[in-house]
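Whole structure, please, built from the sequences with the hints as guidance.
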Amino acid sequence: MISELQQILDRLDVSADWVGLRTVKETVSHRGMQDGIPRSNSKSASQGVMVEVLVNGQIGYGATNSLQLEDLQAAAKAAAAQAKAASQWAVYPMGATVRPKVVGQYSSPYVKPFDALSAGEINQILAQACQTMKVSEAIVQTRAMAVTNETESWFVSSNGSEVYQKFMLLETHFGATAQEGSVVQQRSDNGYLARCYQGGWELLPIDSLQARAYQIGAQAIELLTAEECPTTKTMLVLAPDQMMLQIHESVGHPLELDRILGDERNYAGGSFVKPPDFGKLSYGSKLMNITFNPTVPGEFASYDFDDTGAPAKKEFLIQDGILQRGLGSLESQARLGVDGVACARASSWNRPPIDRMANLNLEAGTDSFPDLIQDIESGVYMESNRSWSIDDQRYKFQFGCEYARLIENGQLTKTLRNPNYRATTPEFWHSLVKIGDESTWQIYGTPMCGKGEPNQAIRVGHGSPICVFKDVEVFGGGA
Amino acid sequence: MEPTFDRLITQLRSLLTAEEFFKLTLSGEQSQFVRFNHAKVRQTGNVRDGGISLTLIQNGRTASRRLDFTGSWETDWYQVKDALEDLRQELPQLPEDPYLVIPDGKATSRDVQTGKLLEPEAIVDAILPEVSGLDFTGIYGGGSIFRGYADSAGQKHWFATDSFALDYSLFTADGQAVKGTFAGNQWDQTAYAAKLTESKHQLDRLAQTPKPIPRGQYRTYLAPAAVADLISMFSWGGVSEAALQKGGSALGMLQRGEKQLSVQFNLNEDFSRGLVPRFNEWGEVAPIDLPLIQAGKLVNTLISSRSAKEYGKTANGASGGEGLRSPSVSPGSLSNSDILKALDTGLYLSNLHYLNWSDRPSGRITGMTRYACFWVEKGEIVAPIENLRFDETLYRFFGENLLALTDTQEFIPEVGTYGGRSVGGLWVPGALVEGFTYTL
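Chains as they are written, first to last, in this note's numbering: chain L, 4 to 482; chain R, 26 to 465.
Hints listed in this document are in silico derivations from the structure and should not be mistaken for laboratory results. Some clues are possibly wrong.
Unchecked claim - With a cut-off of at most 30 Å between alpha-carbon atoms, the simulated DSS-like pairs for lysine-lysine come out as follows:
| id | chain 1 | residue 1 | chain 2 | residue 2 |
| --- | --- | --- | --- | --- |
| 1 | R | Lys225 | L | Lys80 |
| 2 | L | Lys104 | L | Lys316 |
| 3 | L | Lys87 | R | Lys204 |
| 4 | R | Lys220 | L | Lys169 |
| 5 | L | Lys46 | R | Lys225 |
| 6 | L | Lys169 | L | Lys289 |
| 7 | R | Lys334 | R | Lys322 |
| 8 | R | Lys220 | R | Lys204 |
| 9 | R | Lys141 | R | Lys181 |
| 10 | R | Lys141 | R | Lys225 |
| 11 | R | Lys322 | L | Lys277 |
| 12 | L | Lys283 | R | Lys236 |
| 13 | L | Lys46 | R | Lys271 |
| 14 | L | Lys473 | L | Lys236 |
| 15 | R | Lys334 | L | Lys236 |
| 16 | L | Lys289 | L | Lys236 |
As the list claims (entries may be wrong) - Using C-beta positions, here's what the derived DEER-type ranges look like:
| id | chain 1 | residue 1 | chain 2 | residue 2 | range |
| --- | --- | --- | --- | --- | --- |
| 17 | R | Ser360 | L | Gln91 | 44 to 50 Å |
| 18 | L | Asp342 | R | Gly444 | 29 to 35 Å |
| 19 | R | Asp369 | L | Glu411 | 46 to 52 Å |
| 20 | L | Pro314 | R | Arg240 | 44 to 50 Å |
| 21 | L | Thr100 | R | Leu41 | 53 to 59 Å |
| 22 | R | Thr133 | L | Lys316 | 38 to 44 Å |
| 23 | L | Thr298 | R | Lys106 | 38 to 44 Å |
| 24 | L | Ser43 | R | Gly241 | 43 to 49 Å |
| 25 | L | Gln127 | R | Arg240 | 49 to 55 Å |
As the list claims (entries may be wrong) - Covered stretches of chain L (in silico footprint by chain R; criterion: 3 or more residues with CB under 8 Å from a CB of chain R, positions within the stretch not fixed):
| id | region |
| --- | --- |
| 26 | 75 to 82 |
| 27 | 116 to 130 |
| 28 | 386 to 396 |
| 29 | 449 to 462 |
All C-beta atoms, glycine included, are put in the ideal place defined by N, C-alpha and C.
Below, the structure is given as structure tokens:
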């Protein structure tokens, strides 16, 4: 494909300072069951090309799902005409330095390819999981879902770039709803579609899957009779499957340079972080070390190059609590004059790349789980996100979890239902008082991080240990 | 595009065996996008995209394939034929689906709405001079959108429309903002200028320093855009029959009669304005008007043909997701000129942001205020406010605490572009509410 694209690039008749072609081919299978009955057995295949041209400092794009030369020629011409028309209004005059030459390739690690299991076998696994989750008649709904995604991308440019990347992605979801009268509780496998990774079917070990399914059902039932989470200010202990959301919303998004530059203000919002804050702002306690790390094998948003071809590597965004750098592409770095990372990414061939967080991880500390809670006289431990909301500056947030336990005298005790907490971002991260060790560190992610105009849903990965926060406002459900 | 779609249908029907049924759905667009920031161009480009989905049904089993739709017969037919063979291989492996919906009926429709849109190279020059000197940000998306449906029973529907939407914000130096949308299928420069004049007037109101408001309960006016955000939540665990049956709906207490909404509150699924296709993914045509909540009581839910089979109900043209496609909340009696007087002292909210259920079985929603929200005293706007988080149940704000609805509805267009440009929107009035709860 690289050579075919190169030939097309050579034959394009377009007047531009730089031209890039990015082809994306995506094959997705979606299999889902509800209550052991098939709900979805679908496959999709899509392929298209994003043509980007730089004219008078303005990039224009033309995207088409046709790979015919004449259609790509038309897309390039339309892109150039729009770029030219807009160039006198350019928000920032771009040079070709924002698209440096790069050559390389990347492939996700995997053992069992996606054709290693037949459609019948996958349906059987999902049906069995539904059956296992239904631990009682009070389970009114069970859901099981497996999504495979094989994505290849090829990128060539007029300044000699040649990049090929292949991603093998697996997303699963298992969930149960329990109901007794007006009390309804849901429990899932670490939150909706939170288990998403790079790899093949080896990520779905059948034996442990059934144990996980049983626990989901059992805990949904357990929640029906659990006490409401108390309303109080207390010690809050968050599991990695909730820390994922916490990092994503209150660290990832506010550090995106395009938000700070104002590009996102009409949709996703801006940020409470301002340009002078980089290198200075005390974002949280000294225990807080957050990295942009696309090099973790198997994490959902690992890659070697972003969608403009910039090489990706691990970088500290926050070190010992101090803000170091932002999540911004070469374009944003040029516009804002601060350091960023290789994070210009697009959801597919039909969207232009924008600043995205990829893998964002909280580095582990030194405390085991017993160490983390042993000194807590009274507190709440929460798992698995179920509700999220944060303001457009990424400052005031409120998150809810599926499952919680009371902590009394250093021990987990009663199960609590409808656990929620709220705070402001700086106050919350400064209240981080203990951080778990590698034994508590887990990776999750989501395929549905939304942002951009036109809108783009993209994949992100988050790794985190268990963390302890002091004096956080927690509360339960009910009106 | 339509001739290629028609040819695909004819060819597919000729290949089908007596035991097989198929559905073919189509979605595509040719769109221009221009993204703005600081009254300049951030990104500009065009997207030509389309997808076709083939569903095969045989012996109580079903599966589907989604493929690119290019409009080129050779390319598209090759892929569809290949997909048909692939589905024939897969179906015998799958479990039976007792609730699957087999294509039925002979319904056909064709709705083509042409427009007069800006030429791609003219978009920037039409939009930006009007906002010179302002901190203007947002997106213009415009072009043609098409949707199609056909099946083995003989049903066929076609919907195509030219449309545009300019979704924008104007910011003050300290970050306060006015939100606006200008949408339709005929670009009118004079109407655009008038819309901007209105937004600039609102921007002037934001010049004062924002007032911090302590958490608590305040009498609140929710402007139509804010009401639309709250109504949108009814599509996500609200009026769906399946969600109600399986404990996933916030309206469970309403259905069981444990709670009720205000007698002023009426919600309909109203297709009379023709902005969205009336057909769903089974080719069924929804009634022109379906009341869902009348005088505060749940009188209908959205029942898909699948839910009808599963729960022994009668289908009413709902889509598989059983979400609202063309919602309309009836107006009330509060005139627009009396809004501030009726509010007296409290909060005027133009928009909301980032809503989510904080406790779905209780109907409790959390979210933020955003854009042109004001503190009002004795019927006069005093100052814009710093953003506030709310956490409140629909049984209060559309129930016991709903004081009044405005006597006019406003159209709030769907401007989303995930996977493609959306069509349609919501028709809603503003709402005056007592004791709305703010928590942070």
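Practice problem: Starting from the hint list further up, note which numbers the structure goes against and sort them upward. | Solution: 1, 4, 5, 6, 11, 15 and 22
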